[in-house]
Amino acid sequence: MHFGPHLLLATLEGLVTSAVLALTALGLSLVFGVMRVVNVAHGEFFMLGAVLAWAITSAIGGHPALGFLAALVIAPLIVGAIALVAERLVLRRLDYNPEATIVATIGMLYIIQQLALTFYGPEARPVEPPFSYRIVLPWFGYSGYKLSIIAASALLLIATWLVLTRTRIGLIMRATQYDSETTQAFGIPVGRVYGGVFALGAMLAAIAAVLIVPISQAHYLMGQDPLLLSFIVIIIGGLGSLRGTVVAAVLIGLSDGIVSMFFSPTLAKIIATLLVAMVLVFRPQGLFGTASR
Amino acid sequence: MSEASPAKAYGLHLGVIALLFVLSFLLPEYYHGLLARIMVLAVFAMGYNMLFGYVGLLSLGHAMFFGAGLYGAGLAIIQLGWSVPAAFAAGLCCGAVLSLVIGLLALRTTGVAFMIVTMMFAQVFYLAILYFAAWTGGDQGMVVPQPARVLAFGATSLDLTDPTVRYMAALGLFSLVLLMTLAIVRSRYGRVLVAVRENEERTKMLGYDTFSNKLAAVVVSGTICAASGAAYALLFGYVGSSFASVQYSILPLLWVLLGGAATTLGPLIGTLFMYYVIDVTSGYTSAYLLIVGIALILLVLFFPKGILGTIRQRWLGWLP
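Quick mapping for you: the protein sequence lines, in order, are chains A and B.
Note that my numbering gives residue 124 to position 124 of the first sequence, counting from 1, and the numbers run on in steps of one.
Note that my numbering gives residue 167 to position 167 of the second sequence, counting from 1, and the numbers run on in steps of one.
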């Protein structure tokens, strides 16, 4: 292959990564924006989504599309329920204190990871894609399913944006983000909003995982990279800004896909992490965010 | 914090050191080795406590300081063939320089950003160890050979692989750091650090340069952690990248939370207790991280002051 098609392939792969990353990071960003909670266990909700998708598809059988659609609905619901319970039992009792919640979500990370290892095992297991259509380009064939991931993610992002800006629920969420005490004074049950947002954030991660699992594999340690990348995305994009998150996800996804095709992945990770730490040190509002209040 | 007579505080600490000394002759072999390891790791926890307990800065990247000491000493002895004291000094220097640089950068941020920045720098350090596998041995790590771990004083020599020598060396380092932290905490400088923790703006208004005080605390904390890492490499002979991973940034936090943040003896008690719990439960289950996770959540929920913190609040107000 020549350089041009090679670059096109890298770009497509990067866009798939971006699509999944945008959804995952959006969940983390919502939770941080509204609740001011840094959810270190976010990657584990991602992993749970993938593991549950495997469990559901292998339990249902029949045509792969059937099991996959069931997983796409059921897995996020289960993950959301788990997140809601965790929020009620732990985070609410800590009064959403930023430092205490970080320690508590680190605890959740270990608990979820170990339970997954105990009940799911250390193997990486594949999930069959719902359809296997191949788009033939002049230089190489490309999986139609991967392109549909990009489309599905774009649809979900637009839907989230519409909910946030056009509906009453979105208005309440934005009001809580802006000033939770005044919102409470207006009779909004802020505690319930927090619970809902935490569950929604986890569900977004789970959906992203169900989408990606047919092209990667379900494994109990798969939550670590998405967590780090999501952190990078919301820091570059500005904490709590939806547009910044999406732009940064595309940027990071593309550069990750292209850089790791031409350089050593470890070196790419070192440079990316260092750059992001420097952004956080010297431009804490992010590259696209405005100065924080 | 009520004023304690110096005699009482120093007496308690010397008593603990004497108890550890006597235990060396009483403990069965397995626990003897375990306690030596716990004392070295308790030094790591004391270094962490210096910053987290007294200044109130929650770092999620202290594994890099431990790793700097570990690899500074390990690489000096394996790749350069330095002697034991020179390698230990190299480890300390690596930790001091790294913590100075990290402090200068990370202290520009506060709160949640500080935690994420320290975590990311530690991740870079960890990945760098894997990347330079030709020298560091990558994720396999390196073993410090036994002949290199002998301290020579002219005619006599001390073999650090001998259990009793190893125990006494660990105890020596532990005692030194314990008395040093006690002295720092009771000094004027220690009071300024606590003032920064309680109200940084007010401390600044009273005319203290909070940035350089915090920077000094990061360097002291990082150097103590590096001392622990260097001692670990020399006493136990293994230098591995897992000691620089995120997990080893979380563990000192857990030990300090459990024992009691901002208490001088808390790190020892936390490390001892957690090691004991893991030792006991590993007989039933291999999932010891599950225990770590549950312990973290239960501690922040019901026991935020830790064991010694609670004792100090209820009964012994003079505890340093």
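Quick caveat, the hints were computed from the structure, so don't treat them as lab data.
Since the model is a prediction, treat every value here as computed from it, not as a measurement.
Take the hints with a grain of salt, since some may be wrong.
[Said to hold, decoys possible] So the derived list for chain B, only partly shown, Cβ under 10 Å to chain A, looks like this:
1. Leu105
2. Val124
3. Val277
[What the hints assert, rightly or not] Computed Cβ-Cβ distance ranges for the label pairs, DEER-style:
4. B:Phe211 - A:Pro265: 52 to 60 Å
5. B:Asp279 - A:Ser255: 41 to 49 Å
6. A:Gln285 - B:Phe303: 48 to 56 Å
7. B:Tyr189 - A:Ser255: 39 to 47 Å
8. A:Ile215 - B:Phe303: 23 to 31 Å
9. B:Leu19 - A:Thr118: 33 to 41 Å
10. B:Asp139 - A:Ile271: 40 to 48 Å
11. A:Arg243 - B:Met205: 36 to 44 Å
[To be verified] With the C-beta cut set under 7 Å, the calculated list includes, among others, these residues of chain B facing chain A:
12. Leu107
13. Thr110
14. Met168
15. Leu171
16. Gly172
17. Val300
18. Leu301
The beta carbon of each residue, even a glycine, is placed where N, CA and C say it ideally should be.
Structure-based check of all given hints:
Because the smallest distance between the Cβ of Leu105 of chain B and any Cβ of chain A comes to about 5 Å, under 10 Å, the interface hint for this residue holds. Taking 10 Å as the C-beta cut-off, the interface hint given for Val124 of chain B holds, the closest approach to chain A being about 5 Å. Against a cut-off of 10 Å between C-beta atoms, the interface hint on Val277 of chain B is violated, since the closest Cβ of chain A lies about 14 Å away. Between Phe211 of chain B and Pro265 of chain A the C-beta distance comes to about 37 Å, which lies outside the given range of 52 to 60 Å.
Range check, Asp279 of chain B to Ser255 of chain A: about 46 Å between beta-carbon atoms, so the 41 to 49 Å window is met. Checked against the hint of 48 to 56 Å, the C-beta distance between Gln285 of chain A and Phe303 of chain B comes to roughly 36 Å, which is inconsistent with it. The given range of 39 to 47 Å is respected by Tyr189 of chain B and Ser255 of chain A, whose C-beta atoms sit roughly 45 Å from each other. At roughly 44 Å, the beta carbons of Ile215 of chain A and Phe303 of chain B sit outside the given window of 23 to 31 Å.
Roughly 39 Å separates the CB atoms of Leu19 of chain B and Thr118 of chain A, a value that falls within the hinted 33 to 41 Å. At roughly 20 Å, the beta-carbon separation of Asp139 of chain B and Ile271 of chain A lies outside the given 40 to 48 Å, and the hint is violated. The hint said 36 to 44 Å for the Cβ distance between Arg243 of chain A and Met205 of chain B, and at roughly 39 Å that hint holds. For the restraint placing Leu107 of chain B at the interface with chain A, the shortest Cβ-Cβ distance is roughly 9 Å, beyond the 7 Å limit, so the hint is violated.
For Thr110 of chain B, the interface hint is violated, the least distance from its beta-carbon to any beta-carbon of chain A being 9 Å, above 7 Å. Of the supplied interface hints, the one on Met168 of chain B is violated, with its beta-carbon coming no nearer than about 35 Å to a beta-carbon of chain A, more than 7 Å. For Leu171 of chain B, the suggested interface contact is broken, since its CB lies about 31 Å from the closest CB of chain A, more than 7 Å. For Gly172 of chain B, the interface hint is violated, since its Cβ never comes within 7 Å of a Cβ in chain A; the closest pair sits about 32 Å apart.
Interface restraint check: Val300 of chain B against chain A, minimum CB-CB distance 5 Å, threshold 7 Å, status holds. Interface restraint check for Leu301 of chain B: the shortest CB-CB distance to chain A comes to about 6 Å, inside 7 Å, so the restraint holds.
When the structure is compared with the earlier hints, violations turn up for hints 3, 4, 6, 8, 10, 12, 13, 14, 15, 16 and for no others.
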